[in-house]
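Read off the chains here:
Protein chains: 2
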Amino acid sequence: MTETTIEIGPFECTNGGRIENALQRVTTYGDPRSPAVLVPHALTGSSRITDWWGDLVGTGKTIDPARYYIIGINALGSCYGSSGPSTDADFPYVTVRDIVAAQSRALDALGVSQLELVIGASLGGMQALQWAIDFPQRVRKAVMVGSHDHQSAMGIALNAIQRDAVALDPQKGIRIARKIAMLSYKSDDLFRERHGRRADRKAVHRFDIEGYLEHQGNIFERRMHPQSYVALTEAMDSFDVRGAEPVDTSPELLFIGIGSDWLFLPRDVRAAAERFASRGYRSTYREIESAHGHDAFLAEPEKLAVLLSQSHSSA
Amino acid sequence: MTETTIEIGPFECTNGGRIENALQRVTTYGDPRSPAVLVPHALTGSSRITDWWGDLVGTGKTIDPARYYIIGINALGSCYGSSGPSTDADFPYVTVRDIVAAQSRALDALGVSQLELVIGASLGGMQALQWAIDFPQRVRKAVMVGSHDHQSAMGIALNAIQRDAVALDPQKGIRIARKIAMLSYKSDDLFRERHGRRADRKAVHRFDIEGYLEHQGNIFERRMHPQSYVALTEAMDSFDVRGAEPVDTSPELLFIGIGSDWLFLPRDVRAAAERFASRGYRSTYREIESAHGHDAFLAEPEKLAVLLSQSHSSA
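Residue numbers (our numbering), protein chains in the order written: chain A, 20 to 334; chain B, 20 to 334.
Bound-form chain A, shown alone:
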């Protein structure tokens, strides 16, 4: 594992903002001479892929540094080493397109021109798809997990309320934001099975589910900068490539829906795959059955690994 911070210089955002000296935090695994794989993270991740996707990426795993040069990169706006509101008080509004453009310049600096694969889930999947659209000559294949081609009205609503909570009180509000987010990442069935109506084990709250959410809020408050959270949820909400005119349809696309996901509905993931197929892309839809909801991309790596192996052997 190699960690580095790359200065990509002045960066102009699509909506008119400017970052004077944009930084991109990058973590790489494996030999730079191997085929390159880019793994953008979801809303709260970092460039250290193995911290959050260690069951899928790592020695002996589906995406193995023995075979690939694997690149993790912290999204513009986040608080894990790249430029964002935590480093830059007047950080501008950024979109998924901006995040990907900044990454492309970091990859230029790394000397990586071709990507065998870009794979991400949720906001990471949005980045993977944007890569295929904006840099078709650099991407052989893009895989989007629990993610599709636009942020839905319900998704915007969930994020907007979370931003309200942060605006009310950055520290206490981000705890509330995380709790709301956790509901959207899980499923009714999972909560029923795991928590049901059981009493809080610490007897601080009435119910176990309340203690669970409190615990999630506690962890999150310590690890996420509130304004980075606002910036990245806004980037998510900005995402809509349904109207993208295909210039070059050479990247292969694989969309993976999650059965119980109510943040990125599997029917929407399927519709996105079909939309891109109708534009001339080799675009495929697969689905994971899981009770975990959106979080299945973290909670069920083995199911994801099976799909990726099938897809890879057929590629």
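There's no promise every hint is true.
[Claimed, not checked] Some chain A residues judged to face chain B by a derived CB distance under 10 angstroms, without partners named:
#1 Gly215
#2 Ile228
#3 Tyr231
[What the hints assert, rightly or not] Coverage of chain B stretches by chain A, computed from C-beta distances (three or more under 8 angstroms per stretch; other residues unrestricted):
#4 165-173
#5 207-221
#6 304-314
Rather than coming from a laboratory, the hints here were simulated on the basis of the structure.
For every residue, glycine included, the Cβ atom is placed at its ideal position computed from N, Cα and C.
Start from chain A and add chain B according to the hints.
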């Protein structure tokens, strides 16, 4: 329409609290000599049934004061004329069972011993079911709409986060609470159709759905006491009659699920109907098809009216 505030005297709560001189705000419609119908309200309603269920209750409607003596009653803990945190600074923790027990004493004072029908939706449905369980000799029929026999883990989670927001700031927090609640009352399909990714019409926010939620927060802040909201969400969360031992199964039960309701899943409503049937009740399940989600009980009165008319004519 007649409005009255009934003093029911000292009231002992199931969890040990006490209200010195409990008040029950009551609104009645029709002739006291007609068969009586009780219509408990949902989380934020009042005793003025026609203010919120005027398409179902009123002259010429399914529940007609020309035919019935119709009683609306403000739940204990609410802020529309009954005792609650807005009138009593040390108002105790109350359950749905307490709310119903207080109502039974108000009905005693009104001279109403028998109810032809108790009908309610959401928290109102919980009260209707509790009436059938606790006062089986007084209830001929109970109808529960978008409601079943327990608050789910997801329901508790949604309410707990809303209470967090109110605890952070009563006025601004209740706006956030209402926004969260609105998501749980509506459906992804409805938001998609009504708001999609359209721009905010007032250009204050980026998206229309954000402006809509802001508007809902504004209205709600003016009409709901934050601590009443906390008290009634706690009462909802307390509700679980799955283990109730039937003493008298004479009340007829009708459970009505709503197809797109993700707060009270139709499969749970059906399961509750079946659970009560297996205990010896005449218990029936019907379902409304609607894209409105939980709010269909307000948004689709004509579909509800059809089911109630069918049910009534067969009774």
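> Are there three or more residues in the region 165-173 of chain B whose C-beta lies closer than 8 angstroms to some C-beta of chain A?
Replying inline: Answer holds; 5 residues pass the 8 angstroms Cβ test.
> Per the coverage rule (Cβ-Cβ under 8 angstroms, at least three residues), is the region 207-221 of chain B covered by chain A?
Replying inline: It holds: at least three residues are needed, and the region 207-221 of chain B offers 7 whose Cβ sits within less than 8 angstroms of chain A.
>> Can you verify the interface hint for Ile228/A: is its Cβ closer than 10 angstroms to any Cβ in chain B?
In response: holds (5 angstroms)
> Per the CB criterion, is Gly215/A less than 10 angstroms away from chain B?
Replying inline: holds (6 angstroms)
>> Less than 10 angstroms between beta-carbons is the criterion; does Tyr231/A satisfy it with respect to chain B?
In response: Given a least distance of 8 angstroms, the restraint on Tyr231/A holds.
> Do three or more residues from the region 304-314 of chain B put their C-beta atoms closer than 8 angstroms to C-beta atoms of chain A?
Replying inline: violated (count 0)
In terms of the numbered hints stated before, the structure departs from hint 6 and from no other.
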